[in-house]
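Using the hints provided, position chain E relative to the given structure of chain U.
2 protein chains.
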Amino acid sequence: MSASDPPASGPLTEPAHTAAAVLSTGDEIMLGQLQDTNARWLSERLAQAGVPVVAHMAVGDDLARLTAALRGLVGQAPLVIMTGGLGPTDGDLTRAALAALQGEPLIEDPAALEALRARLAARGRALSDRNRRQATRPVSAACLHNAHGTAPGLRLRAGPGLAEVFALPGPPGELRPMFLAHVEPALRPAVRGGLATTLLHLAGVPESDAAERIADLTARGGESVVNITASGGVLTVRIRSASALGPGAARAEAERLAALARQRLAPYVFGADAETLQGVLVRRLAQAGQRLAVAESCTAGLLGATIASVPGASAVLDGGWITYSNGLKVAQLGVPEATLAQHGAVSVQTAAQMAAGALARCAATHALAVTGIAGPDGGTPDKPVGTVCIAHAQRTSGGAEVVSRRLLIAGDRQDVRERACRAAMSALEMHLREERSPGVLWQIGPATREFQPFL
Amino acid sequence: MSASDPPASGPLTEPAHTAAAVLSTGDEIMLGQLQDTNARWLSERLAQAGVPVVAHMAVGDDLARLTAALRGLVGQAPLVIMTGGLGPTDGDLTRAALAALQGEPLIEDPAALEALRARLAARGRALSDRNRRQATRPVSAACLHNAHGTAPGLRLRAGPGLAEVFALPGPPGELRPMFLAHVEPALRPAVRGGLATTLLHLAGVPESDAAERIADLTARGGESVVNITASGGVLTVRIRSASALGPGAARAEAERLAALARQRLAPYVFGADAETLQGVLVRRLAQAGQRLAVAESCTAGLLGATIASVPGASAVLDGGWITYSNGLKVAQLGVPEATLAQHGAVSVQTAAQMAAGALARCAATHALAVTGIAGPDGGTPDKPVGTVCIAHAQRTSGGAEVVSRRLLIAGDRQDVRERACRAAMSALEMHLREERSPGVLWQIGPATREFQPFL
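Protein sequence lines correspond, in order, to chains U and E.
Per this note's numbering, the very first residue in the first sequence carries number 23; after that it's consecutive.
Per this note's numbering, the very first residue in the second sequence carries number 23; after that it's consecutive.
Calculated from the structure, these hints are not laboratory results.
Note that beta-carbon positions come from the ideal geometry of N, C-alpha and C, so glycine has one too.
Be a bit skeptical, because a hint or two may be false.
[To be verified] Each pair of labels, with its calculated beta carbon distance range:
id, chain 1, residue 1, chain 2, residue 2, range
1, E, P194, U, P403, 30 to 38 Å
2, U, D151, E, P398, 32 to 40 Å
3, U, A360, E, G334, 24 to 32 Å
4, U, D295, E, T40, 43 to 51 Å
5, U, A237, E, T402, 48 to 56 Å
6, U, A310, E, G401, 25 to 33 Å
If we strip away everything but chain U, and leave its shape as in the complex, we get (with noise of 0.2 Å):
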């Protein structure tokens, strides 16, 4: 076994992680500079997998209480994930307090030293000795390849009853992937499988609407929860059961439920479990073997960028145009100045003359155009900040069939134009699924239909 081959697994009659801990280590955590999001993710993680989170510790970069937190929750939980301090420079203590939990000196692995030479080398660096100082461990750690970044992970035992530790990078783009690859896969979670999650996500209906749809499946007791959370305009129904029969069980109990309040809330379900409103669209359109183009005002891109974000999106993105002045608006994507004089940028005829000359200009099926006040200035009585415009425009035989419709968003500006994506991401894709009664998410008065040439 090389230095850096994890532990062999142990045989199957290993105790169990009935509860794991979380412990984030970081100054800029204490000084309240940085938000710890890790903690929250690993957490979800571990749920799903049926490994109950029983507590979340932060310190900061201090290696006395670093190494006390260390001893005191691996007391208290078989498994433990530490998050943060495994950089190169002297604030990162992950490294020595393991080592003093151990009882142990740092000693270099020659493989993790290998593989951070060559990661420099890729990028024409050399290794400093700061460098190789993330290649040491504790005696008795592996450590775990991080394929997206300088710093290895470290897996070792410890404490009286030989918690499990695993110390991951702080930054979520390496944490992540090296918790999927090297953590999850090493779950031993006590009731194995008989936990079932489902989620459900929705778009277009308020959610004390959706609540009460379903609040004979919310309430509590029983050993399944229903609830519902909101974010940004998408809510999610999550359903969690537990069965002592096992995971056949509960998985089929969670589907009961599930088909109980997909029944229930269409037409706004969109999708299920890790299934994003950008994804779904993707989907659709590859399905349906057509293109889309996008024409952003306000949002100046982040509707191309949030589909973009789909992997496979070529397949169906054919590309845009970011019209963020007037002139832009005119020269790109032949809005007339009669139409920008006449209604403002922010109107509805606006967006769907943006939305015809958009799929004037390109071979796509759809296009997609946003326009609006996203703040913090610009609004007025007539149009205050959040006044949005969408139009959906479909080609067909000369020219384009265009529904648009005006929106008032809550929020700040980010808010605003995240939303005013979502909201034209929605329009489309209930357009695709051949919903065409519900109005899209913060929506005011119906839509207006009509038919644009192309000239």
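Using the frame of chain U, we list chain E on its own:
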């Protein structure tokens, strides 16, 4: 003294709040369903007031664990702020845990009960037995008035060192005003106000190199702490100075350290404190009276959206083109078919043509172009996932001066896209700052400089 009065303040010799701990409670935090933002907010306020936070802890709605966590923290810090668990449900256990910690019964507080009754009556609601629980307190505790909700806070002294414990409700809209009203005025910082914090933000230098340049400043020990954190290619140097001589001396020391760090780390420093790369870019463009356009392939609008996230960006952002497909690169930006055929869509040549093409089609002074392979598919041995080419074009007589660079960016699809935007913004920001020498983030090889005529 009525039961609701806070304890009389002690003599001036009462021990200072040399350290504080924050304890949050809630099953939703342990399940990862809720991001605990209170700990961050409280830490920021406490640090600003000169009381250093040394630990965060969060546990679920479990009486034994909550009591044990409290017992541990009152032994570690002379000030403990608890949040959550003061509601009327069976899962709200903070009152019971404090009673268990003190070995005291819970009694009804007449003044708190009256305030609760009045609050409910004002909303046309009667006082239920369940509500009544919220007016109970351990014998030795005082109730703290909550102007924004039904749950009074609690204040008591506990543990061998008589640590001061404040229990506040979990909803931020109740917690924050209660902290400001009841906790902040009661703080006894060890160094009254003698604390100052400064941040410097850097781009274009690896963390280990930056750490090396200020190694003497980041060494442990002394009253000031200097550390470096990294997030998606932007480094932040955090300087925190304390001084027994008072706030002026602490501020002067923080500024002295910041000036030293700036001197060592120029030309990478682009901003300080609350500044962001996009914010600084918008400010510099506005100061120069110049405008910007973008031409985006793999980022598909993210660069434009990031710049437009800055309030007032419309003063400098014209807009741009999302040329995700090669067809749009040719039709909308005039990228020659031959360039695409010979060098590929991801090449410094294509990036340069995109930037020059954007500038030729609008009135902006600068254009930034991005084209790359964000993954997870599409990589080749020659151009692996993470290969991104960026170009900056500046309008000049009859055409554009274009500087293009090839980068290799680590991370997943989102990381590559976000970092590509940072690199492009960093290239322009350094140009505007007249820093010509350093490379941008993740750059491989030298930059290509050329003149592109407008045809």
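- Message: Does the beta carbon distance between D151 of chain U and P398 of chain E stay inside 32 to 40 Å, or does it fall outside?
- Response: 35 Å, holds
- Message: Quick check: does the Cβ-Cβ distance between A360 of chain U and G334 of chain E fall within 24 to 32 Å?
- Response: 28 Å, holds
- Honestly, do P194 of chain E and P403 of chain U meet the 30 to 38 Å range at C-beta? At 31 Å between Cβs, range holds.
- Message: Given a hint of 43 to 51 Å, does the C-beta separation of D295 of chain U and T40 of chain E actually sit inside it?
- Response: Holds, since D295 of chain U and T40 of chain E (Cβ atoms, about 48 Å apart) stay within the stated range.
- Could you tell me whether the CB distance from A237 of chain U to T402 of chain E stays inside 48 to 56 Å? 55 Å, holds
- Query: Is it true that A310 of chain U and G401 of chain E lie within 25 to 33 Å of each other by Cβ?
  - Reply: 28 Å, holds
Violated hints for the displayed structure: none, as all numbered hints are satisfied.
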